[in-house]
Amino acid sequence: MANFTITNSTNVTAQSATAAVYTTLIGVAASSGSFANPPTITGLRRGKLYDILVGTNTTPADNFLEFIVSRATVGSSPVWVGSVSSVSSTFANDQADAAFAAFATVNASAASSTAFSVLTPAWYIGLNQRASFRWVAAPGSEITYPAVSSATGNNGLLLGGRSGAYVGTLTGTIMFQEQ
Amino acid sequence: MRNPGGYAVLIDPDKGIVERDTFTCNHCNTVVYIKPKASPDDFGSMCRLCMKMVCRRCANYGCTPFEKKLEAIEARDRARRSYE
Chain S
0 MANFTITNST NVTAQSATAA VYTTLIGVAA SSGSFANPPT ITGLRRGKLY DILVGTNTTP
60 ADNFLEFIVS RATVGSSPVW VGSVSSVSST FANDQADAAF AAFATVNASA ASSTAFSVLT
120 PAWYIGLNQR ASFRWVAAPG SEITYPAVSS ATGNNGLLLG GRSGAYVGTL TGTIMFQEQ
Chain X
0 MRNPGGYAVL IDPDKGIVER DTFTCNHCNT VVYIKPKASP DDFGSMCRLC MKMVCRRCAN
60 YGCTPFEKKL EAIEARDRAR RSYE
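Protein chains in written order, with numbering that gives the first Met the number 0: chain S, 0 to 178; chain X, 0 to 83.
Check each hint, because a few of them may be wrong.
[What the hints assert, rightly or not] Okay, derived cross-link-like pairs now, DSSO-like style, lysine-lysine, Cα gap no bigger than 27 Å in a straight line: (1) X:K51 with X:K68; (2) X:K14 with X:K34; (3) X:K14 with S:K47; (4) X:K14 with X:K36; (5) X:K51 with X:K34; (6) X:K67 with S:K47; (7) S:K47 with X:K34; (8) X:K36 with X:K51; (9) X:K68 with S:K47; (10) X:K67 with X:K51.
Keep in mind the hints are simulated off the structure, nothing from the lab.
Next up, chain S with everything else stripped away, as it sits in the complex (with noise of 0.2 Å):
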């Protein structure tokens, strides 16, 4: 049981620009992979989201701004930008841990995928843009997701946020657990 983090600070893709509807910071989805270079595929495998971070990183001002995190069906070959998981050993909190099996993404818009579809969101929280936010669940109170493929669905999570005032980035930071 690996625990991992990753931000959307990562050099992968530009962050993107807020926007009236949610922009995906994050992604994680269960995956049987079919990526070009995992260091390790194990199968599909359950993950436990544990620990959210969520803010801003331009200059303060009085906006209003929403995150979530929605569970999402996420294709098993989808173009992404911002794919991760080609470096997910580099994720592992433990470096001596095995990289995940999960599908990862940054900063990554609806559209940069055809099979993607949002679905109910398990965590919301709406912020003022000078506002930094962290929300970590206690054992056995994760936001889990099933070690399922995308085509029963259901297989992720999506950390999104959106504003319609504020533009600029938003930043985010998740820590999981994989099973």
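Got chain S; can you put chain X on it based on the hints?
Showing chain X alone in chain S's frame:
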């Protein structure tokens, strides 16, 4: 809240640090924030079958723990893949 299922902290230059306990609904896995001294009816209920906290949306329905739902989803996925 006694034995909270999580902890949330908002850091705001104007308001300072705002802290909230949270729980995760045992039926739908949604995170619920708890206002201090709020009545339990305001944020959900405790399911008397699984003896865990559930959100307001799930409070009026029967008891199907999220773990059972995950197992059902995974069993369906295994069955579907066995036919391929």
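Now the hints, each set against the structure:
Note on K51 (chain X) and K68 (chain X): the hinted pairing holds, with a Cα-Cα distance of about 15 Å set against a maximum of 27 Å. Among the hinted pairs, K14 (chain X) with K34 (chain X) is consistent with the structure: their alpha-carbon atoms are about 16 Å apart, no more than 27 Å. Of the supplied pair hints, the one linking K14 (chain X) and K47 (chain S) is violated, its CA atoms being roughly 31 Å apart against a limit of 27 Å. In summary, the hint linking K14 (chain X) to K36 (chain X) is supported, as the alpha carbons are separated by about 19 Å, within the 27 Å threshold.
For the hint linking K51 (chain X) to K34 (chain X), the alpha-carbon distance of about 18 Å falls within 27 Å, and the restraint holds. Note on K67 (chain X) and K47 (chain S): the hinted pairing holds, with a Cα-Cα distance of about 16 Å set against a maximum of 27 Å. The suggested pairing of K47 (chain S) with K34 (chain X) holds, with an alpha-carbon distance near 25 Å, which does not exceed 27 Å. As the CA atoms of K36 (chain X) and K51 (chain X) are separated by approximately 19 Å, the hinted pair is consistent with the 27 Å bound.
Of the supplied pair hints, the one linking K68 (chain X) and K47 (chain S) holds, its CA atoms being roughly 15 Å apart against a limit of 27 Å. A threshold of 27 Å between alpha carbons decides the hint, and for K67 (chain X) with K51 (chain X) the separation of about 14 Å falls inside it, so the pair holds.
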